[in-house]
Each structure stands twice: as structure tokens, then as C-alpha cells.
Amino acid sequence: MATNTPDVRSQFTALRMKAPPVYLDCAATAQTPDAVIDAMDEYYRTYCANVHRGMHGLTERATLAYEEARKTVASFVGAMYTSEIIFTKNCTEAINLVARTWAEEHLQKGDTVVLSLLEHHSNIVPWQQLATRKGVHVEWIPVDKEGKIQTGEIDAILQRATVKLVCVTGLSNVTGSRPDIASMTKKAHDAGALILVDAAQLAVHHKVDVQEIDCDFLTFSGHKLYGPTGIGVLYAKRDLLRNMPPFLGGGMMIQDVTMEGFTPAESPARFEAGTPPIAQAIGLKAAIEWLSGYSWEEMEAHEQTLMTACMRVLQRMDGVSVIGPHSATERSGCISFTVDGVHPHDLTDLLGQEGIALRAGHHCAQPLHKHLGVPATSRVSFGIYNTEEEIDLLEKGMKKALDILKI
Amino acid sequence: MDLYAENILDHYRDPRHKGVLANADITHSEANISCGDEVTLHIRIEDNRIADIAWEGTGCAISQAGISILCEELHGMSVHDATALTKEDIYELLGIPVGPRRFKCALLCLHTLKNALHICEGEPVQDWLQTVEIEDE
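Note that the protein sequences, when read in sequence, are chains A and B.
Per our numbering, the very first residue in the first sequence carries number -17; after that it's consecutive.
Per our numbering, the very first residue in the second sequence carries number 3; after that it's consecutive.
With the rest of the complex left out, here is chain B (with noise of 0.2 Å):
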């Protein structure tokens, strides 16, 4: 199967829910260093549920059509299932073989996630190894 696959790179021409959100109770930023992708994460909750999103970033095509793909995903979410996805969750939602070379372009996404959300609960942020090892519930 093709890393780009038209789903992701119809996601990367054409971004869903790009941009700022104004009303965002939690704005957070995450990086992949060593390839220079960047993510920022902006997230409106209302009654427990993700009721907005919108995120900005550069990066290559994986990472960029991974945050729209998610984003899209995560829009009416419960605050609950969106604490609870995990990196498999991830795969099967960009649908592509993900090899050791952009494994971390494929979960910048989630990485921003998780950090956005334990931000919002007033918990400590996880670092990469987290991310990339969590394990399913």
C-alpha cells in the first residue's frame, strides 16, 4: 500500500479545518524536530465534547494531512474518547503503512493532541517516547 495514498494527499491539498479558532479554551503547539514539522492545536469544549477545532502548521504531506484527518475525527468528540485514542487508532484513521522513518510524522497529530488535553486537566506533558509507546486500554 502507498504512503500517499489520495486520501492523504487530498488532506494535505486541501486541509480540512485549518486555521485559528478565536473562542479556543485550550491553543497548544507541538514539533517534530528532527524533520521540522510543527502542529498547533486549537480546541473548543463544550458539555465534555470537542464542539470546535482548528489547528495551523507546516510540515511535510504525512504530518499535515494527519492533524486535518484527526481534526475531522475529533470535531463533536467526547473529551473522554479523545483522551482514550491511541497510536493504532491513528494508523487505522490515515489508513497507510507507517514505517520507522515517519512514524513520528504520522503521530505529531496525536502528540499534539495528548499534550493539548492533559494541559486542559492541569496535568504534566508526555513526551515523545509516551506518545509513540502508549499501549491500548
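Isolated chain A, as found in the complex (with noise of 0.2 Å):
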């Protein structure tokens, strides 16, 4: 059974207003169901309080509640173990913590941290940042023409060099290619290096099993997955959060506090210091659950029909470059693309006043750009409340505007 979508459209607010915006932007966050809103303003109206502190019944319930929540994120992407799920700030701070504690811990000078040149901005700056503090190299995956991770090249660089950490997406918010992580994850085993997996889209498009990738760091954030923002995910393996030393420093993450010293707190609390995002981590299980309530190939098989439809319209049109690979199968969740002689905020400027939403810029891979010859492209992307008819007014939005920018 398809998805039904005027049904999930009538379960965002947003969607339900009389002009609703052609939102085609889900990769850079996603509109927010009314169960997720609800859950949020129940919390705040009926039981607001900080969580493990306190023995009053507000407090009890809102503990309960936050918990729940990581029982909830736990089962989701099949962790072992409810404690191996942190919440953070979101999916860039998730990166940040296993840059600042376990890799400032277990990496030395000369080890090589190994990226993909698909690689979002939060999966890049944190391990320059972690080679300047630390002599440690950073090695790049490059990709092929239509933005393919040449699997090929990892071989190579696993055995020249000392690989201790491998960081890739699961899903490029700029080709919609999704590496292989699972065959990455062995390669990365075998020599004897780790893997971080940049969740943040791959997440919302298809099922994620931390035990069938046997990865050992999953980062994700709340508000691209219908929740809110101001939450990130970390799934690590139990036995790494044990031998990695505290994140930020404060309460909640403490055992015990003398005037000499502190001994950090188990995890997850010796890596969530201070009051934590408990709204939103009632929110993002809400957003879990209400997602549970459609199967993975259904709204995998909704959006392919959005992937094919727009790759058809952008093809057929004059000047349209699109970026990634060519084939609408081969790829989820967005579409970028260029045309010749119009600068893409042009494009999206006008777009946008016809209240279609695209993204415009570099979509924080300026790398990846780079290498691709593009200095900016504008890109499509989906969610399970999209629409073909969506797909035909962007269509006409785009003749509209390219009508007007043309030269």
C-alpha cells in the first residue's frame, strides 16, 4: 500500500493552511508533525520539570518521559543497549563529542582520520580541528563524476597509512548517493580502524541497524527526522563510551565532586553536562513513534516516485545539470542541480516567492563543490508529505523564473 499522503498532510498544521508552501527543503529540516508539537506542549502545560533531580512527582514524571525517549531512539536504530544512546544538541555537537573525547583520547600524531569527500561541513571541520590539536592526518575518500565513493581508494589508503578512525555519511545531502557503509565498516574493521556514520539524512530516508552495519559511532539529529530541533543523536558501542573520558563538564555528569576533583558518572549521563533537551527528547519520540506508523518500503516507494518524477522534469529541461548520480534509483532524498548562466539564489529567490522552498548555496560541503566544478548548485528535497503535484508546481516555477532570469 502507497502511502496516503493527503493523510499525512493533514497531520502537519503547516500543511493544512489554505496556500501550504511547496516545501521541498526537508534535507535542511523537516516540517514538524502535531504529534510532535503536542507532545512538547503537553510536557511544558502538565509535568514541566529537570529531570534526575528532586523527588517531587513532576520531576519523577519528567525523568520517566526523558528516558522513555532514549528507550524509544535506542530501539529505533537497534542498539543493544539504552545506555549507548546520548543526547546532544544535535547532529554536528554528536560529531563534535566523539572528536573531542574519544579521538582526543585514542588518537596519536601521525594517525590518519580517513573522510569522503561527501562529507558535510560538521563531518569535516571537527577532525581539522582534532589534526591541529593533535599532529593526526586527514585522508580524503575522492568520488567519481557522479559524486560515487571510489570504494577502491579506501583500500589504498588503509594500507598506507595508520587508519584509526574512518567518518563517512550514510546519505549525501548534496548527490543523494548513499556509500555502501556496511562493506566501508568492514574495511575499516580489518585494518584495525573504527567508523563514524553521519546519520543525519540516511536516518529519514531508510532504516538504520546499528547491528546489521556494525558501525561504532551514529550520529543523527531530531529536527530532520519530523521532531524538533535543539536534539542530536550519538549511538556509540558500549565498550568505547566506557573508556571515553567526559565531554563537556558540569552537572549531571558527575559522580561524585570533592574540592580536589571530580569522578565522571557512567554513561550516558557522563556525556549530557547539564540540563538536557528534555522537550525535545519528548518530541523526537513522538516524531519516532508517529514515523513507526509507516513502513520503511512505503515511504521508500513514495519517495522514489518523487525521486523519478523530478529527476524527469529537471532532465528535460534546458541548461539543467544535475549533480550525483544520473540514474533516479541510485539515489534518495535530494536533487541538486545547476543552470547555466543562473546563479542558484537567483533561482531560489524567485522560487521562493512563489512559495516554492528549495535551498540554495554549497549546502555545507564546500569540498565536495569544489571538486565537482560547482561553486553553488540549488537543490530538491523530499519528505513523506511531498506530492507529485508538488513536483509539477516546481516545474512551472522554474519555467517561470528561468523565463524571467534569462539572458
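The set of hints was computed from the structure by calculation and includes no laboratory data.
Just so you know, these numbers come straight off a predicted model, no measurement behind them.
Mixed in with the good hints there might be a few duds.
As the list claims (entries may be wrong) - On the chain B side, residues computed to face chain A include the following (Cβ under 10 Å): (1) Tyr6; (2) Tyr14; (3) Cys37; (4) Asp39; (5) Thr60; (6) Gly61; (7) Ser65; (8) Gln66; (9) Arg103; (10) Cys107.
C-beta: ideal position from N, C-alpha, C; glycine also.
Join these two chains into a complex; the hints should help.
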């Protein structure tokens, strides 16, 4: 059964409006279903309290809800233990946490961190900062003209360098291509390295199972998964977490503090200093539960229909060049493209005036854009609530905009 | 009012003063990194006036029309008057509603001019913050 889009759309206040936005920018942030807003609303209105503090009923209820959210996330990614889930501010912070704790402790001068050219800046800059701090090398896995990872190059790097960590996206936010992370994990492990998967895009479009991938670290954010902003997730294997030093210092992350020093708490508290994103965790739980009302098969089929229709529209327009795999079946989530003689900001500004939301720029992936020889692109990205009618509106809007910008 | 007003599109499609100036006294380039807009300005000065001006560049319609419109204005202007130009003057020249998304596109022309003139006077260049916060004198 296909996803019933009108039913899906009816669950979003923004999409029930008289003139709803043609929202094709889900890769930046997804719209929020009412179920998520209601869950956070209920917390703020009826049991707003801090967690793991005090004995009163409100704090007990808030603590239960916060820890239930951790269980929901653990089950969503297939974690073996609930304590393997750390709540952070966003996906970026989750990656930084690994760089500032595990990598800080375990990498030495001369060791190598391997990144793919598909990476978002959030999975590049923390490693460049680490390289500066510790004298660690950063090596890049190249991509071909279609933006696909050249897997053969990984073997070469793993052979010639002392690789301690491979960092790779599960789904590119520019090309929509999906690296084979299970096989990359095996290669990394065979070479004695660990692997971190940035699942910010992947977790929204495909099932993630950390047991199946066997990755060591996996990160994603709430707001791309139909949840709230202000929350991200780090999954890490329990044995790794046990040997990782704390991240930020403060309340909650300690077992004991004296005038002389402190003893850190166990995971996950060790990595969650200060009051955590309580309402956001409750909202994220609601988002995952809401999403689980649909099967991955039907969501994937629905988004593939949109992808095929949109690729067809773009490929038949004059002067449009699509970045990434040419075949719709080899991509998911998004399509980035350029138009000869037209700056992406002009195109998306004019589309925005028609109520059509796309993103323009380098999408926080400057090294990839430089490698592909384009300064900036326009990007269409899909979610569960998008329709084929919206692709038609995009085509009409683009024709109108390009007519205005025509030189 | 429309950001892509007729005068903007006219200058974008048919840019004025675009090219290189062989005998320029100053050549200076600036970029709006977040968008990838680039402008290089060539100025020839005679008797404290802008005797000739030309520019090269790539980028969005707003940035490219902006420098084209500004060059028309600058041609023949005294260096003193050119130095005194403010962001409000640029907004008035462009005649379009420049919002927070596009102000750097619109002010790239001013930023390039300011720093070209600073270099000419042997002064240090100014950063973007100074360009976008310049107050009326």
C-alpha cells in the first residue's frame, strides 16, 4: 500500500493552511507533525520539571519521559543497550563529542582520520580541528563524476596509513548517493580502524540498524526526522563509551565532586552535562512513534516516485545539470542541480516568491562542490508529505523564474 | 516591490562598464563568500575624479546588476563623493527592497569600491561588518 499522502499532510499544521508552502527543503529541516508539537506542549503545560533532580512527582514524570525517549531512540536504531544513546544539541555536536573525547584520547600524532569527499562540514571541521590539536593526518576518499565514493581508494588509504577512524555519511545531502557503509565498516574494522556514520540524512529516508551495519559511532539530529530542533543523537558501542573521557563538564555528568576533583558518571550521563533537551527528547520520541506508523517500504516507494518524477522534470529542462547519480534509483532524499547562466540564489529567491521552498548554496559541503567544479547548486529535497503535484508546481515555477532570469 | 525589478534585470542582462581597464590606477577584487559572488573593479583617477571605470565579475543578478548600476553612477564622480557613499545610497540606487537574505549581494559593489579607494589612499581595508554598518555622515 502506498503512503496516503493527503492523510499524512493533514497531520501538519503548516500543510493544512489555505496556501501551504511547496516545501521541498526537508534535507535542511523537516516540517513538524502535530503529534510532536502536542507531546512537547503537554510536557511544558502539565509536567514541566527538570530531570534526575528532586523527589517530587513532576520531576519523576519528566525523568521517566526523558528516559523513555532514550529507549525509543535505542530501539529505532537497533542499539543493544539503552545506555548507548547519548542526547546532544544536534548531529554536529554528536560528531564533535566523538572528536573531543574518544579521538582526543585514542589518536596520536601521525595517526590518520579518513573522510569521504561527500561529507558535510559537520563531519569535516571537527577532524580538521583534531588534526591541528594533535598532529593527526586527514585523508580523503575521492568520488567519481557522479559523486559516488571510489571504494577502491579506501583500500589504498587503509594500507598505506595508520588509520584509526573512518568518517562517512550514510546518505549525501548534496548528491543523494548512498555509500555502502556496511562494506566500508568491514574494511575499516579489518584494518583495525573504527567507523563513524553521519546518518543525519540517512535516518529519515531508510531504516538504520547499527547491528547490521556494525558501525562504532552513528549520529543524527531530531529536526530532520520530523522532530524538534535542539536535539541530536550519538549512538556509540558500549565498550567504547566505557573508555571515553567526559565531554563537557557540569552537573549530571559526575558521580562525585570534591574540592580536589571529580569522578565522572557512567554513560549516558557522563556525556550529558547540564540540563538536557528534555522537551526535545520527548518531541523526538513522539516523532519516531509517529513515523513508525508508516513502513519503510511504503515511505521509500513514495519518495522514489517523487525522485523519478523530479529527475524527469529536471533532465528535460534546457541548461539544467543534475549533480550526482544520473539514475533516480541510485539516489534518495535530494537532487542538487545547476542551470547554465543562472545563479542558484536568483532561482531559489524567485521560486520562494512563488511559495516554493528550495535551498541554494554549497549545502555545507564546500570540498565536494569544489571537486565537482560548481560554486553552488540549487537543491530539491523530499519528505513523506511531498506530492507529485508539488513537482508539477516546481516545474511551472522554474519555467517562470528562468524566463525572468533569461539573459 | 519586486527584488527582480526591471532595472535590475536590465543591468544583469546588459551590464554597463563590464570589462578590463588597461590603464587603471587601482584594481581590486572582493567576494561574497557565502554566495560565491565575485567582483573586480578597475578605476582610473584624473584630477581627483573617477575618469574611467570598469568591472569584471560572476554571481547572482543582484550583485552583478549592483556593480553595473554603481559604475554608471561613479563615472565622472569626484573621489571625495565616491568615498562618502553609504549603504543607503546603494539601496536608493538599486531601488529594490533588499532583505536580510540578499544584503551582501547588494552591497558587494560598495564593499569593493570602499576597499579599492582605501588601497588607493594607502589605508587598511575594511571588513564586511564595517561595510554593512556604515552610518550616514
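Agreement of hint Thr60/B with chain A interface, Cβ distance less than 10 Å:
This interface hint holds because 8 Å falls under the 10 Å limit.
Grab the minimum C-beta distance from Tyr6/B to chain A and call the hint holds if it beats 10 Å, violated otherwise.
holds (6 Å)
Any CB of chain A closer than 10 Å to the CB of Cys37/B?
Result: holds, 6 Å to nearest chain A Cβ.
Grab the minimum C-beta distance from Cys107/B to chain A and call the hint holds if it beats 10 Å, violated otherwise.
holds (7 Å)
Hint validity - Tyr14/B Cβ closer than 10 Å to any chain A Cβ
Status holds, d = 7 Å.
Restraint satisfaction for Gly61/B [CB to CB of chain A, less than 10 Å]:
It holds, given that the least Cβ distance between Gly61/B and chain A is near 6 Å, below 10 Å.
Verify the interface restraint on Ser65/B: the C-beta must sit less than 10 Å from at least one C-beta of chain A.
At about 8 Å, which falls below the 10 Å cut-off, the nearest Cβ of chain A leaves the hint on Ser65/B intact, so it holds.
Grab the minimum C-beta distance from Asp39/B to chain A and call the hint holds if it beats 10 Å, violated otherwise.
Cβ of Asp39/B sits 8 Å from chain A, so the hint holds.
Tell me if Gln66/B is really an interface residue toward chain A, meaning its C-beta lies closer than 10 Å to one of theirs.
Hint on Gln66/B: holds, closest Cβ of chain A at ~8 Å, below 10 Å.
Regarding the hint that Arg103/B lies at the interface with chain A, is the smallest CB-CB distance below 10 Å?
Constraint on Arg103/B satisfied, holds at 7 Å.
In this structure, every one of the numbered hints holds.
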